[in-house]
Structure formats: structure tokens, C-alpha cells
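Peer 1: Reassemble the complex: the two chains are provided individually, in unrelated frames, and hints are given to aid placement.
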Amino acid sequence: MAGTAVLGRLTWQVAAVSSVRPETDTVVTIGLDVPDWPGHRAGQHLDVRLTDEDGYSAERSYSIAAADSEPPAITVERLEDGEVSPYLTEELRAGDQLEVRGPIGDWFVWRTSDGGPLLLIAGGSGVVPLRAILRRRRQACSNVLARLLYSVRTLADVIYRIELDQYHDGAEVLYPQPAAGLDRILRSGRCRAARPGRLGPG
Amino acid sequence: MSNPVSRGFHHLRRPAEGEEGRVPPGQHVTSDFPVLSAGPTPHTPLSAWTFSVRQGGGTLKSWTWEEFRALPAETVTVDIHCVTRWSKLGTTWRGVAVRTLLDQVAQEAPYVLAWSDGGYTTNLPVEDVTSRPAWVAFEYDGQPLAPEHGGPARLLVPHLYFWKSAKWVRGLDLMADNEPGFWESYGYHIYGDPWREQRYSGD
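So the sequences go chain by chain: W and C. Here the first sequence is numbered in this note's numbering, starting from 39 and rising by one per residue. Here the second sequence is numbered in this note's numbering, starting from 11 and rising by one per residue.
Looking at chain C on its own, in the form it has when it is part of the complex (with noise of 0.2 Å):
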């Protein structure tokens, strides 16, 4: 049985010939999903799995698994886009939005700084996770988010390079200066839009 339709709703579908407009310069389509990380597979248990949002050393809001999976989360379809030059496209993912949970922290900061088991760092304009589409997903394609994947929680932010979208993430620290991350100090791109092919610093 098919849902009813929602009269006047559009979604920009891949088109059937191709994918003109959804795949960035120098990347190419896959269907399968590579796995790249940086260092060994941490496995947090969930008992003792937080998120945190901290500022100058001092943590501002922390939720555990239980009050994070409270949150209300969406169900998202989206294209991902590797710096390594694949790209995926409608994948789909549950999470929380970050700015679900920065709302709940009164300080502003204009950068943010996601940090991961494991001490993998990312760095991000607090704008572009939470005035464009960014969330910490824990599903992806219905099933929990596996461990290889960033289970049991990682972030995804569609608009950049997916190193942005750090897997295993365990909180953001709200930072007035944009401190480049692991990648990032590596010469990857301090921002990294796929549409400008902001690869590499210089880029």
C-alpha cells in the first residue's frame, strides 16, 4: 500500500538519466560505501557513551545515550561526498540535529570543534551546522549505525567533504578561533566545499 500523496510536495529526485547537478566537480558515484578512517574502531559501550558541548575546558551541556535518543530526530536522504572522490547519493540516516542540541546550550561561539573517540578532531563555522542541515546520526539505512560506519554516533554534515562528518563523535567544543582538526592539519582544506573542490589547503 502506497502513502497518500502530500498535494503541492516536490522532492528534487535524482534524475533518471544520471545525476546532473548532484555530483561535485571530480567525483564520482558509487553504490557500495568505503570505509577510510583514521585509526583503529573504538567501541564505546553505550552505558558509558555521552555527547558533550563544551567551551574553554569546562563542559556547558552533556546528554547520555538515553537522553539523546529522547531527542527529537528526523530521518534524513542525503548526498554524501568523499575527498577521496566518491560520492553517494540518497543515502539515508536518522539523527538529532545539532542545532536540536545547540539550542539547548546558551553560549554562542562562531566555531565549533567536534572531537571523537579515539581523539579525532574536526573543525567547523558553528553556522554551518546549524543554519544548513547537520545532524549526530545513529542510523543509517534503518539499521544502527555500525561501528566501521561511526556507530554507535556520528556526525554528518552533507554540505562538506565527509571527513567533516565525524565518525564516533563524542561532543563539540564551542571555540572562538576555527583550530584546524586531525585532516585539516594534515593540509586538507580548512572548510572543504565539495562544489568549490576545496580538497586541499590552497585549494
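Extracted from the complex, chain W is given alone in its bound form (with noise of 0.2 Å):
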């Protein structure tokens, strides 16, 4: 599908880290500063590949976190046995290198040509596509109904707690907890579109 046809032609590029902000206790969101970034869309997602002084590279997929025409960024949850994700969440600084492809999957992706209203459900770190599109939907100044269903374990692990609280202007997002809550709100008829077929990407 799309996402796969079009990693062929997508080459690496290194990327300068331009801030490293934390989210919460185990997620970060990292600027990008990619140079010759061809623009992407809200709801995509990127690559990022690591190297190490012996060579060996590892490579990830990440949503981004940004709206259109943003500088890239991702977002981060740093997984305790996880390979890449400790060093990303606790050892990458401004001014750091890594290296880039993308964007990548056009599936999954909001244009305000889209319309709406938007239904967005996430778990965890699945929020981050859904952050971007609701950034896109307010860059646009698009007053499309928007409701973000946004599980998570307890409030302190929700990502973008401040911004997500500014939303208002049709905007809502509400926080579930534990997930169990998110079934409760969907079958309560609050959101009659329950269990859509076209979520985001973890």
C-alpha cells in the first residue's frame, strides 16, 4: 500500500535535533530540524535510523507530532526494554544528529478538505497523530466538530495535557481512565459514531 511503495524512494537525511522537551516522566517530544524536509501532513509518520560508533544501526518508525507545514517533530515513550527509546528519551540533547525518511503513509492523514466532525480515539502514546491532526485543524482555522477520546492508565501520563486542555472552539477531549472508562463513554451514546473503522496508528 502506500506506505510501502513510497519508502523506496525515500532517502536518509541527517537531521539536527533543535529542542527535547519532556511530556511526562517517560515521554519526550524532539524537534527536527531536517533540511531539506519535503512537507508532510498530518497523521504521517517518519523513520528514524541510529548508528553507533561500531556501525550497527537500528531503525524506527514515529508518528509526527507536528501540523502541516511545522517543523517535524516526534514524540517519544520511553520503554524500559526498549533498544532506541531509552537513548531518545534520556540521552539525546539539542544539537544532536540523527538520521531521517519520511513523511511516510498516506493513509492515515486529515486534510481540512476532509471535513469532519472528527472522532479521534487514542491509547498512550497513540495520541500523537491525532495531536498533530488537531493541530492542523486549528492551524487551519477549521471549525470542524473535533472530540479526542484519549485513554490513559492515570492523567499524569496524558501527553500534551496543557494543550489539549486549551481546546474549546468545537474542540473536546476527554480522558478515559483506565481504558475500560473509554468503553463506558462510546457505549453511553456520548459519541454515537462507537468503534470507527479508521483509527490512527499506535
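Some hints could be false.
What the hints assert, rightly or not - Interface residues of chain C toward chain W, partial, derived using beta-carbon atoms under 7 Å:
#1 Pro14
#2 Arg17
#3 Phe19
#4 His21
#5 Pro82
#6 Glu84
None of these hints come from the bench; they were simulated from the model. These numbers come from a predicted model, not from an experiment. The beta-carbon is built from N, C-alpha and C at its ideal position, and this holds for glycine as well.
Peer 2: Structure below.
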């Protein structure tokens, strides 16, 4: 599909880390300065490649956290057994370099021409592409109704809390916790489009 | 041309002398890839392939092959350990994290039962496929996963014995109880941690 077909002509390029901002105890947002970035749409992702001094490389895909025409950024959650995420969340600093390629994925994107209303559902770090979509909605001064159901273990695990709490102009963010709370909201009829078929990449 | 080095990034590489710390008790390192299956090799066409998460007989979420392949994927290099005592170090796979799939399902359960074409099943605590690295892998060594190795897609749960990495996987059932799967019903350990040498029930 699109994501795979596109990979063949994507090239790796060196990106400079412009910022590393903590979001929660285990999550950071990494701003990237990519000289030849072709631009992306909210909902797409990119690949990151790290290489150690022995030439060993590790690649990962991350959802892009930024709206269209904003500089690309990724949000990374540290996994205790992870190979890459502990490095990205604990070691990486502004000014460091890493390789990226993208954007990837034309499937899970939202264009203003797609309209709405939008029902966005995420758990944990799955919120990242949906945050990009909400930023795009605000950036474009779109007035389509949007509701984000963002399932979290505790409120301390909410990524982008300050930003998400700002939305009021036709956008609403709910934090069902634990995940069973999401089910109750969907069943209550408060969101009629229960279990939509088109959910975001986790 | 070599890739630019990422400052401070270190991969735990296999020691040049032997494989200390990477080979669980009772295992030996092999460089080939033995094939062990419980039945004939199924050949499901990609047009008919789906991956489904089910609960209580109902399907919560299902992906076609195209939808599955559009999800973010990871290239990973892991050691694998078969209960038949071979370990293979540094195998490279590409797949979708199980966590990515289950994140799209609102329901939770303490266990999953992976099920495959041909009727194979294997049980796992959900933590072992969400909090620990686990994937539905579709490439091995840069190539589409061959049918004899479980293609088009197999589970990859490298921290457990490799029978838990179900070949030809087609879905996960969310389970309230730890129902034994195929080999687990035939005397193999219910969990299967190679580092504790949990080969057979009672180990």
C-alpha cells in the first residue's frame, strides 16, 4: 500500500535535534531541523535511524507530532526494554544529529478538505498523530467539530496535557481512565460513532 | 559509505569471544534456521488475509493485509530461542508492534490467545506482548517472510521460547483466563521463559 510503495524512493537525511521537551515522566517531544524536509500532512509518520560507533544501526518509525508546515517533531515514549527509546528519551540533546526519512503514509491523514466531524480515539502514545490533526485543525482555522477520546492509565500519563486542555472552539478532549472508561463513553451514546473503522497508528 | 554515528548511542553487541549473556541455559547457537511445524504449511493469499482481535466470539478489530502494512513498522534485531535448544542470535525482522495493534482496541484483558491458519494456538499474558517488545513480523532478513517460517506474518515474541511466536498468525483473542494453547496442552510450559528454562509443564 501507499506506505510501502513510498519507502523505495525515500532517502535518509541528517536531521539536527532542535529541542527535546519532556511531556511526562517517560515521554519527550523531539523537534527536528531537517534541511530538505519535503513537508508532511497531519497523521503521517517518519523513520529514524541511529548508528553506533561500530556501524550498528537501528531504525524505528514514529508518528509526526507536528501539523502541516510546522517543523517535523516526534514524540517518544520510553520502553524499559527498548533499544532506541531509552536513548531518545534520556540521552539525546539539542544539537545532536540523527537520520530521518519521510514523511510516510498517506492513509491516516486528515486534510481540511476531508471535513468532519472528527472522532479521534487514542490510547497512550497513540495520541501523537491525533495531536497533529488537532493542531492542523486549529492552524487552518477549521471549525469542524472534533472530539478526542484519549485513554490513559492516570492523568499523569496524559501527553500534551496543557495543549489539549486549551481546546474549546468546537474541539473537546476527554480522558477516560482506565481504558474501560472509554468503553463506557462509547456505549453511553455520547459518541454515536462507536468503534469507527479508521483509527490511528499506535 | 557508512551512516553518521549517533552520539552516545550504543548497541549491546555480541562479544567477539563467544556469546556470554545471550544464550539461555541449555541452549546452543545455530547459524541456520531450523523449521519445525505442528502441521502442513498453509498458503493464505494476501487478498484473503486479515489480522483480527476478538473477544468472546466477537471481532473487535480487523485489518486487511493493506491496512496492516500501512501501520508503522519497526525493523528489529533480536535473539530467538527454540525450546528444542537452538538459539539464533541477531536475527533481523520487520513487523508491526503488537502494542500498536492492541492500542487500537478499547477492550482490555489479562491474557491473549494467538491463533493461526491451520488451527495452531498459543497463550500469552497480555503484558508480554504490550509492555515487552513483541511484533507481528512480515519480513525476515530484509525479505518477505517465507511460508515455511510463518509467512505472510508470524508473531515474534523473542523473550519467550519460540513456539510462542506463532507462525501464520491471523489474530489474537482477548482472554479472561490463561487458556493453554496448542503446545501448552501437550505438556509444554504455560509461560515458557528460556532464561528460567521453562520448557515443560512443571519446569
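Peer 1: Run every hint past the structure and note whether it holds.
Peer 2: Verification of the supplied hints:
| no. | hint | verdict |
| --- | --- | --- |
| 1 | Pro14 | 6 Å, holds |
| 2 | Arg17 | 5 Å, holds |
| 3 | Phe19 | 5 Å, holds |
| 4 | His21 | 4 Å, holds |
| 5 | Pro82 | 4 Å, holds |
| 6 | Glu84 | 5 Å, holds |
The structure shown violates none of the earlier numbered hints.
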